[in-house]
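Enquirer: Read off the chains here:
2 protein chains.
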Amino acid sequence: MNEIRIIPVEGIPEIKVGDNLAEITFDVLNKSEIGIEKNDIFIVTQKIVSKSEGMERDLSNYDFEELLQSESKKIIRKRGDLVIAKTRHGFICANAGIDRSNVKKNSALLLPEDPNKSADKFRKRFESLANLPIAVIISDTFGRAWRKGQVNFAIGSSGISPIDSYIGKLDSFDNELNATEIAVIDELASAAELVMKKTIDIPIAIIRGVDFKSSKLNANELIREDNEDFFL
Amino acid sequence: MNEIRIIPVEGIPEIKVGDNLAEITFDVLNKSEIGIEKNDIFIVTQKIVSKSEGMERDLSNYDFEELLQSESKKIIRKRGDLVIAKTRHGFICANAGIDRSNVKKNSALLLPEDPNKSADKFRKRFESLANLPIAVIISDTFGRAWRKGQVNFAIGSSGISPIDSYIGKLDSFDNELNATEIAVIDELASAAELVMKKTIDIPIAIIRGVDFKSSKLNANELIREDNEDFFL
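Top to bottom, those sequences are chains D and P.
Position 201 of the first sequence, counted from 1, bears residue number 201 in our numbering, the numbering being contiguous throughout.
Position 8 of the second sequence, counted from 1, bears residue number 8 in our numbering, the numbering being contiguous throughout.
Worth double-checking, as some hints may not be accurate.
A pair counts as met if it fits within one copy or between any two copies, since identical chains are not told apart.
[To be verified] In silico SDA-like pairs for lysine to any residue, Cα to Cα no more than 25 angstroms straight-line: (1) K86 <-> F26; (2) K148 <-> S215; (3) K104 <-> N2; (4) K213 <-> E127; (5) K197 <-> E181; (6) K105 <-> Y166; (7) K78 <-> Y166; (8) K169 <-> I15; (9) K216 <-> I36; (10) K104 <-> K169; (11) K78 <-> D19; (12) K169 <-> L82; (13) K148 <-> S165; (14) K78 <-> G168; (15) K105 <-> L68; (16) K169 <-> I34; (17) K74 <-> T180; (18) K213 <-> E10; (19) K148 <-> L217; (20) K148 <-> R224; (21) K78 <-> I223; (22) K73 <-> Y166; (23) K148 <-> F212; (24) K74 <-> K124; (25) K148 <-> D226; (26) K213 <-> S72; (27) K73 <-> L232.
Since the hints were derived computationally from the structure, they do not count as laboratory data.
One chain only, chain D, in its complex shape (with noise of 0.2 angstroms):
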């Protein structure tokens, strides 16, 4: 086992609607000692692609209570101003996504519309412009229930498989691992954090030399179906 590296990458511009990530990035990138390699795995904040597809609304002309509305599939609890919503996608979490950090004054930010297709068009583009093969994840920081402060999660993926399962092999005393699903996009988008702190301007982390499997499914994989849940 090698070690891992989650490289930030500095000096992506403010992005605005129509801006191509992909492009931008490997720019960057060519400019940098950081360079690209095969396999590194891209893990891009929420933020800048919901800003590069038009997601930015202007709170002048929309009003929060009914943006908030429109986001939600189902509203999960709701005190005094905390609302935890299930979104279109099926993310629950704090305001249905809605973020009003990191953008203009009154204004607010939704998510992607499908940040699966967002990680794919990411890759697709960079893979064609670097020609080697690397993985994408779009990251956002949700809390949890049952547990304080906020982590950040994998709320799209590409080119990468969402689990790392472990049913059915043996551990090192030969029993049988019956339980074990690794939820590996998850955990990649909080070790990205570590080097995205909020109030800098890191939108990009490269996370280097994780030994995965590519694949066609996506982040839509650890979303729990609502009858399957416990805890709605």
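Given chain D's structure and the hints, the job is docking chain P onto it.
Expert: Chain P only, in chain D's frame:
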């Protein structure tokens, strides 16, 4: 922002009751190229901590149901064989954290009595040997509400602030970041899992290059009280 390295510590022997994990790790690192650096963060899996602290139970002498009851403060959900319980410490997880993989056949491994104390003990002994400040996180792999798959969490810690708070700080648009408290020790535990695969023997990882705040607070800070929890 510099890069962060996740380094697997290979060569830790099978751990027995009474083994001193800090001394064993120090010896292994002294013979390895990895070395020891100031502010290295050691992520130690619960499994070897529990083994060293004599928490393995032979199921010829103990009844699994009785163990489960004695380890649980509260049964949260029960469906068929699956029991989700709140442990004596306050963790919500399957089987109250009792583990039957990577132990001898027909035995079970309980969580450490006080994982923060275990982390403290490791840190103090290691620091006295290495003469450098470090931080320690004890990790375990749990499932989550709403999301499929398991990730690593911090069940104990010493020497590192468990939460990075951005409350009151300004983002790049001068908006105040109201609600951002990152559970950084959970993210570090998740990052370490990427080099601690279940079927091979990497019970310890070092995360190097993190600019963390030292603290007397520990992993208990991340446990949400029942009366503050929306999802119990």
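Enquirer: Next step is simple, just say for each hint if it's right about the structure.
Expert: Consistency of the hints with the structure:
1. K86 <-> F26: Cα proximity of K86 and F26: none, with 34 angstroms in one copy and 47 angstroms across.
2. K148 <-> S215: between (33 angstroms within a copy, 17 angstroms between copies)
3. K104 <-> N2: neither (42 angstroms within a copy, 28 angstroms between copies)
4. K213 <-> E127: within (17 angstroms within a copy, 38 angstroms between copies)
5. K197 <-> E181: Between copies only: 11 angstroms across, 29 angstroms inside.
6. K105 <-> Y166: For K105 and Y166, only the inter-copy Cα distance (18 angstroms) is at most 25 angstroms; the intra-copy one is 47 angstroms.
7. K78 <-> Y166: Between copies only: 24 angstroms across chains, 38 angstroms inside a chain, cut-off 25 angstroms.
8. K169 <-> I15: Classified as between; 22 angstroms across copies, 45 angstroms inside a copy.
9. K216 <-> I36: Intra 22 angstroms, inter 40 angstroms, cutoff 25 angstroms: intra-copy only.
10. K104 <-> K169: For K104 and K169, only the inter-copy Cα distance (16 angstroms) is at most 25 angstroms; the intra-copy one is 50 angstroms.
11. K78 <-> D19: neither (36 angstroms within a copy, 49 angstroms between copies)
12. K169 <-> L82: The answer is between: 20 angstroms across copies meets 25 angstroms, while 43 angstroms in one copy does not.
13. K148 <-> S165: between (28 angstroms within a copy, 12 angstroms between copies)
14. K78 <-> G168: between (41 angstroms within a copy, 24 angstroms between copies)
15. K105 <-> L68: Intra 18 angstroms, inter 52 angstroms, cutoff 25 angstroms: intra-copy only.
16. K169 <-> I34: Intra 36 angstroms, inter 30 angstroms, cutoff 25 angstroms: neither.
17. K74 <-> T180: Answer is between: at 24 angstroms across copies they meet the 25 angstroms cutoff, but 30 angstroms inside does not.
18. K213 <-> E10: between (27 angstroms within a copy, 23 angstroms between copies)
19. K148 <-> L217: between (30 angstroms within a copy, 14 angstroms between copies)
20. K148 <-> R224: For K148 and R224, both the intra-copy (21 angstroms) and inter-copy (6 angstroms) Cα distances are at most 25 angstroms.
21. K78 <-> I223: both (21 angstroms within a copy, 21 angstroms between copies)
22. K73 <-> Y166: The answer is neither: 33 angstroms in one copy and 29 angstroms across copies each exceed 25 angstroms.
23. K148 <-> F212: between (30 angstroms within a copy, 19 angstroms between copies)
24. K74 <-> K124: neither (33 angstroms within a copy, 49 angstroms between copies)
25. K148 <-> D226: Cα proximity of K148 and D226: in one copy and across copies (23 angstroms, 12 angstroms).
26. K213 <-> S72: So K213 and S72 fail the 25 angstroms test inside a copy (33 angstroms) and across (37 angstroms) alike.
27. K73 <-> L232: both (13 angstroms within a copy, 22 angstroms between copies)
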